[in-house]
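Peer 1: Here is how the chains run, residue by residue.
There are 2 protein chains.
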Amino acid sequence: MFKINENYLKLPGSYLFSTIAKKVAAYSEAHSDKSIIRLGIGDVTQPLAPAIIDSLHGAVDEMAKAETFRGYAPDLGYEFLRTAIAKNDYADKGCEIGADEIFISDGAKCDSGNIQEIFSVDNKIAVCDPVYPVYVDTNVMAGRTGTYDAKTETWSDVIYMPCTAENGFVPELPKETPDIIYLCFPNNPTGTTIARDQLQVWVDYANKVGAVIIFDAAYEAYISEENVPHSIYECEGARTCAIELRSFSKNAGFTGTRLGFTVIPKDLKCGDVTLHSLWARRHGTKYNGAPYIIQRAGEAVYSEEGKAQLREQIAYYMKNAHTIQQGLREAGYTVFGGVNAPYIWLKTPGQMTSWEFFDYLLEKANVVGTPGSGFGPSGEGYFRLTAFGSYENTLAALERIKKI
Amino acid sequence: MFKINENYLKLPGSYLFSTIAKKVAAYSEAHSDKSIIRLGIGDVTQPLAPAIIDSLHGAVDEMAKAETFRGYAPDLGYEFLRTAIAKNDYADKGCEIGADEIFISDGAKCDSGNIQEIFSVDNKIAVCDPVYPVYVDTNVMAGRTGTYDAKTETWSDVIYMPCTAENGFVPELPKETPDIIYLCFPNNPTGTTIARDQLQVWVDYANKVGAVIIFDAAYEAYISEENVPHSIYECEGARTCAIELRSFSKNAGFTGTRLGFTVIPKDLKCGDVTLHSLWARRHGTKYNGAPYIIQRAGEAVYSEEGKAQLREQIAYYMKNAHTIQQGLREAGYTVFGGVNAPYIWLKTPGQMTSWEFFDYLLEKANVVGTPGSGFGPSGEGYFRLTAFGSYENTLAALERIKKI
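Protein chains in written order, with our numbering: chain R, 16 to 419; chain A, 16 to 419.
If you're looking for bench data, these hints aren't it; they were derived computationally from the structure.
Any given hint could be a false lead.
The list treats identical chains as one, so a pair stands whether inside a single copy or across any two.
What the hints assert, rightly or not - Once the Cα atoms are required to be at most 30 Å apart in a straight line, the calculated BS3-like pairs of lysine-lysine come out as:
| no. | residue 1 | residue 2 |
| --- | --- | --- |
| 1 | K223 | K379 |
| 2 | K139 | K18 |
| 3 | K334 | K417 |
| 4 | K223 | K108 |
| 5 | K102 | K49 |
| 6 | K25 | K139 |
| 7 | K80 | K334 |
| 8 | K281 | K25 |
| 9 | K334 | K418 |
| 10 | K25 | K37 |
| 11 | K38 | K379 |
Chain R on its own, in the form it takes in the complex (with noise of 0.2 Å):
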């Protein structure tokens, strides 16, 4: 008799999102005469760019003609793609990766949630606290995670690196050696970030203990500020110590259009082994590259063109996260993230725990955001919004925010 993985029984309870998504319906049934506001999942809501549009339509005319018809893309990812990432992430940011380091995939959490199977099962991960539920649950799933301790929130066999507002959002170095550091700066869900010399410290010290980071950096477009790393790459010594995730959802709005990338390079090594070379195995057996058009429009984020029109669709997300600040500060609220990122993250007022404010947001407000204990206990207390709606409904939704 066949028997399941038991590990996925340990999860406890469903996927955070979907959690909330069934509160908002239910709400949302028994007030159909309410228009709710959502800020709460990052999903972006504005059009592809017109660039973009046109390297899609383009690339379908391709796929329309025998002569430029294309099949099953290089195990890798197209050249055309790869070559225009390490030119422009990062060649000319002073970054030495090859256009051979770069594979192709998509979406950052794909690649978040699969990389861990390159990994022994016997490794131990250290998560910041809280954190993109992705990372945990997908170790959760391979069994790396020991027992669940439903009273505090957490796994024996995880280490949890408290981010708050005591420690700025910066986790410390843990106590325990970790093999496998997850980092995701700009973070999500807090919104804030790590200046370049303190990643620097995480990196010496990845090398010095033998752990590999995997830096999760979806959001470097939203930077803003001079000391902040677009990439653990800028750090001193990060090839034989990290992998870079990178996602187009957040930067060019593929949320739905599934593009990203990871970076392994070939320095980062276990004996005499590459992790370069497992994933690359992987690539190879378990997933088969993502569309012709697909990867043709992740080009065009590339060009000139794309350039300016994607500058201006994060200037007009950044501007609703000024407005959440701005009009959070004002209705008297502690608020931190938004200046690097598109997400805010907020003290719930009062004694109210997170999910408490959830509830009191959705029925007072009429507005959805994500309860801050829905990425780890540390999060309790806390509440993310995100800058993605339109800027009239981030308007109308902090004009809600104010008069509760």
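Got chain R; can you put chain A on it based on the hints?
Peer 2: Coordinates of chain A only, in the frame set by chain R:
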């Protein structure tokens, strides 16, 4: 110090098609005057059908406007596509499969590689021999296959079910009871298939011993004979023992467009736990949906226009299959497959091994095929040609083969 997933190191050599690509590249470089015809990898060559192209352009235009822009897709895939599949592929063919039992993905390769994750590592798999390499390789990476014997080219913990000319390429029920059975019909690589009553024997067996059948039906569109099942759900009792994988790659030319789906009936359980719920969790946690525009392209496959155009496309490839069959027979080869599948499986002449025949064909006729032994030990002495080339190339390849 971090450790790698040691199972990866057990994988012998590189992925079959990478090896072939390297050999062809080396030959090509040494003989730049020769024009090589590729009938090796199962990659399509005909452009996307006009109905699909129209649908892609339409969906791209939707992404250009805020009112019709789409962000994250629903976890299981868009309703419009799942409904079209449930109706056309199942209800219309008398199979009881609900739209909510269908999971949209970016292709059957990913699904066939990922599906093993929801099962216990202790489970024992059974595979046909020869077999599509992804089934075994992904189980190796998960640590489910024991040790490799280079001499027999088999894994100690895998049950192999030989499919050869002697048993008409239909496996016999295994002596040792498996937990998970991979079946692919119409078959890749042999191009042969299974009759409905023969498949019913497998469904009855799986229900009796408590095994799950993972049924890969990627080639069902090529079926021309009445008694050959398009879906395992044509068999009674399949809802309690079978998962079905489907692809848009071969029926609609999506190898570079990437779309597929997996069916898990809610009646398929281990104790109280449905496999549907486990796959839903995996899908929601480690995957983020196929692009909206690609899902719209998939919908067009089921339009009246799309269906008519794709029937023509399949007829085009099957004419190639007939050309290969006839040509090889005229040249004195023993040939199988090609009636319900786009693959032709031939016995290598004389005492040639599969790789010897690969070299022979490449050197003497400048034609690339796939060595049968690359699919497993029982593939030794066989060779695969595909019908996915252009008609002109297929004709030319056969002319060359007849002359050697």
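Peer 1: Each hint needs a verdict: does it hold in this structure or not?
Peer 2: So, going through the hints one by one against the coordinates:
no.	hint	result
1	K223 / K379	neither (51 Å within a copy, 57 Å between copies)
2	K139 / K18	both (26 Å within a copy, 10 Å between copies)
3	K334 / K417	within (18 Å within a copy, 70 Å between copies)
4	K223 / K108	within (26 Å within a copy, 62 Å between copies)
5	K102 / K49	neither (49 Å within a copy, 36 Å between copies)
6	K25 / K139	both (17 Å within a copy, 23 Å between copies)
7	K80 / K334	between (43 Å within a copy, 20 Å between copies)
8	K281 / K25	between (35 Å within a copy, 21 Å between copies)
9	K334 / K418	within (21 Å within a copy, 71 Å between copies)
10	K25 / K37	within (21 Å within a copy, 44 Å between copies)
11	K38 / K379	within (15 Å within a copy, 68 Å between copies)
In this structure, the hints that do not hold are numbers 1, 5, in rising order.
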